[in-house]
Amino acid sequence: MIKKTAIIVNDLGLHARPSAMLVSTSSKFISEVFFTKDSLRVNGKSIMGVMMLAAEKGSKLIVETDGEDESEAMEQIIKVIESGFDEIG
Amino acid sequence: MIFKRKKLKGIPISSGIVLGHVRIVDSDIIKIPEIIIPTSRLNSEIKLFDLALEKTILELKQLRDSAGKKMGNTIVKIFDAQLMIATDTDFLNQVKEEIVRKKRNAGFIYHSMVINATAHLKSSPDKYMQQMAKDIEAVSNKVINHIAGTTVKDYRFAPNTILIGKYFTPGEILSYRQKKAIGFLVNEGGKNSHMALIARALMLPVVLYEKNISQIPNNSRIILDGTVGEIVINPTDDDWTKYKKLKTKHGPVTIKRIKKLKNIPPVSKDGKKIEIASNLSLPGPADDILSERKIPIGLYRTEFLYLAKGKFPDEETQYQFYNEIAEKFKETSVILRTFDLGYDKLAANNFWPHEDNPALGWRGIRPMLELTDIFKTQIRAILRASIHKNLKIMLPMITEVSEINKTKKLISQIKLSLRRENIEFDENIELGIMIEVPSAAIMAESLAPKIDFISIGTNDLTQYTLAADRINNKVASLYSPLNPAVLKLLKLTIDAGKNNNIPVSICGETAGDILSLPLFIGMGIDVLSMNPNKIFDFCRTVNKIDFKILKLFSDSVLKSSSTKEVINKLNRFNLALDKKH
Numbered sequence: 001m002i003k004k005t006a007i008i009v010n011d012l013g014l015h016a017r018p019s020a021m022l023v024s025t026s027s028k029f030i031s032e033v034f035f036t037k038d039s040l041r042v043n044g045k046s047i048m049g050v051m052m053l054a055a056e057k058g059s060k061l062i063v064e065t066d067g068e069d070e071s072e073a074m075e076q077i078i079k080v081i082e083s084g085f086d087e088i089g
Numbered sequence: 090m091i092f093k094r095k096k097l098k099g100i101p102i103s104s105g106i107v108l109g110h111v112r113i114v115d116s117d118i119i120k121i122p123e124i125i126i127p128t129s130r131l132n133s134e135i136k137l138f139d140l141a142l143e144k145t146i147l148e149l150k151q152l153r154d155s156a157g158k159k160m161g162n163t164i165v166k167i168f169d170a171q172l173m174i175a176t177d178t179d180f181l182n183q184v185k186e187e188i189v190r191k192k193r194n195a196g197f198i199y200h201s202m203v204i205n206a207t208a209h210l211k212s213s214p215d216k217y218m219q220q221m222a223k224d225i226e227a228v229s230n231k232v233i234n235h236i237a238g239t240t241v242k243d244y245r246f247a248p249n250t251i252l253i254g255k256y257f258t259p260g261e262i263l264s265y266r267q268k269k270a271i272g273f274l275v276n277e278g279g280k281n282s283h284m285a286l287i288a289r290a291l292m293l294p295v296v297l298y299e300k301n302i303s304q305i306p307n308n309s310r311i312i313l314d315g316t317v318g319e320i321v322i323n324p325t326d327d328d329w330t331k332y333k334k335l336k337t338k339h340g341p342v343t344i345k346r347i348k349k350l351k352n353i354p355p356v357s358k359d360g361k362k363i364e365i366a367s368n369l370s371l372p373g374p375a376d377d378i379l380s381e382r383k384i385p386i387g388l389y390r391t392e393f394l395y396l397a398k399g400k401f402p403d404e405e406t407q408y409q410f411y412n413e414i415a416e417k418f419k420e421t422s423v424i425l426r427t428f429d430l431g432y433d434k435l436a437a438n439n440f441w442p443h444e445d446n447p448a449l450g451w452r453g454i455r456p457m458l459e460l461t462d463i464f465k466t467q468i469r470a471i472l473r474a475s476i477h478k479n480l481k482i483m484l485p486m487i488t489e490v491s492e493i494n495k496t497k498k499l500i501s502q503i504k505l506s507l508r509r510e511n512i513e514f515d516e517n518i519e520l521g522i523m524i525e526v527p528s529a530a531i532m533a534e535s536l537a538p539k540i541d542f543i544s545i546g547t548n549d550l551t552q553y554t555l556a557a558d559r560i561n562n563k564v565a566s567l568y569s570p571l572n573p574a575v576l577k578l579l580k581l582t583i584d585a586g587k588n589n590n591i592p593v594s595i596c597g598e599t600a601g602d603i604l605s606l607p608l609f610i611g612m613g614i615d616v617l618s619m620n621p622n623k624i625f626d627f628c629r630t631v632n633k634i635d636f637k638i639l640k641l642f643s644d645s646v647l648k649s650s651s652t653k654e655v656i657n658k659l660n661r662f663n664l665a666l667d668k669k670h
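Residue numbers (our numbering), protein chains in the order written: chain A, 1 to 89; chain B, 90 to 670.
Hint data in this document are derived by calculation from the structure and do not stem from the laboratory.
Errors might be hidden in some of the hints.
[Claimed, not checked] Covered, in the sense of this in silico footprint (three residues per stretch, anywhere, with C-beta under 8 Å from a C-beta of chain B), are these stretches of chain A:
id	stretch
1	8–21
2	41–55
[What the hints assert, rightly or not] Mimicking BS3-like on lysine-lysine, the simulated pairs with C-alpha atoms at most 27 Å apart in a straight line are:
id	chain 1	residue 1	chain 2	residue 2
3	B	Lys166	A	Lys57
4	B	Lys96	B	Lys336
5	B	Lys211	A	Lys60
6	A	Lys57	B	Lys211
7	B	Lys216	A	Lys60
Because the structure is a prediction, the values reported are computed rather than measured.
Think of the CB as a built atom: it goes at the ideal place given N, C-alpha and C, for glycine as much as any other residue.
Build out the structure end to end from the sequences listed, making use of the hints.
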């Protein structure tokens, strides 16, 4: 299991489209993916879960990946978050 | 309770006028009872839930496909997100586990878990988080209705029904339209909500009224004017006649009538062709008719790409979009106005800085010259799509020459890198500007040699010349594009175009105005670019006019000393026209 912290950098936060992007990225891997914000921990492959985080710009997200492709999964997920979901600003 | 005539001012969300009668749609779902399910029947309860999910998914797919045919990618993505919610295995498994654990009915458990999941989003001050809650509810309402066996399909509307509800989901707007609902009065949801986007794409009028509207009785007569946000409940016969007239003037029917026009561009009585063009925002039903009749696009508002998504689309998305438009109008041309944001055009987010006076602030070309990454991405996408050789670039809100110079520098940089990458584009793509700020009109003579065309945005030019906000009722009487001061600025601009041999068009709302048509043509405007619903009447009026007398007529109008005098002269001219025919 790997654990890393990422910061939401895009201005609009984790709204519908970024949430959908995160879930599609997580779903590409066999590993289990979890996101934790404050005390809420959700399944990274569940859009409802990710939406429930209501993570705004600047929030800290703990990413956990667990499984045979956990490092690859972690790498891609962090990349998507850090790129600001290809959103400018 | 008897309701007297009542006129209310709401917020215009999607333009157009409709006359009909009220039907209150309780978008709050039916009361869900809590029922204890014996262990022996838990399995069939789960099956019932699965079946409801299947039906919901099927329905969403149908909505997505039919939306895709009519409206393109932006709208499709709204339904894609909803499909993702409807197929969230993790969440749905949790629901099933709860059904079994608590031995309660599927509808009750699902509903309470959705309420739980959305509570946080709903209370967020962030409009995007609220929109997310609405997307989830759009799906869960469908599921719950399918469990209960009631669906939206059970609604039967009489002709000319105008629906009143708290909020309508994009799916509801689509299916109510199929059931012939003609307009919507809502309590929630702003100009950039998913509801608004889809209604505009379908040309369905929507007005937002934030106070209580639910006590209006069913079947009351009602008029909605989505263009200005007016609501008339129990209208008098006079109201009815007045709005009916307005409607036939501006309604979607008039767009279909474009097909019947003999000549486009229209020809005056004495044989002079008057060039017209159309303004467009999102792809919509008018596009096909416009391209079929070879009507060029004089103003394509690209900022809707941003407003629709709340984020700047990447180069590839933009390229595909511009390329599609270029192909659709391959026999004519399309003027793409670069992102025109700020002031009244902002997505509901905190990206834009707070400004005390946004009308005089960071808007139009100004932010784009600072957000150069965004601006360059857009220009690059337009250039890549320009291989069809029918795209033109137009810059909004030019105030002074430096803005043109800076943009031209950016464009040549991008052209250079495209050449290096061996990417084809139109080397001679035209660059034009919008004149909306009085300084630009006054200096038009020195701006014109730098560009290929000018388009006058009369709405802002009027507001800035007269220092009167057009949506402020207190100064509404001052605001008129026919004020002689505004006309003088138009004249300066037109003459600058003539002296420098570049075309000048008008693309503000007045461009399609029948009353001012003889004046603008007489003043020497080359092209009038109007909303599609104005084209039919405009062309018909041109047919009745003698071109050769217009120069003299407009000279006399330009000598007026007040707006009133201008309007009187125009009215007399129009009356004389009507008498002759």
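Against the structure, the hints:
no. : hint                 : in the structure
1   : 8–21                 : holds (count 9)
2   : 41–55                : holds (count 9)
3   : B:Lys166 <-> A:Lys57 : holds (23 Å)
4   : B:Lys96 <-> B:Lys336 : holds (17 Å)
5   : B:Lys211 <-> A:Lys60 : holds (21 Å)
6   : A:Lys57 <-> B:Lys211 : holds (17 Å)
7   : B:Lys216 <-> A:Lys60 : holds (21 Å)
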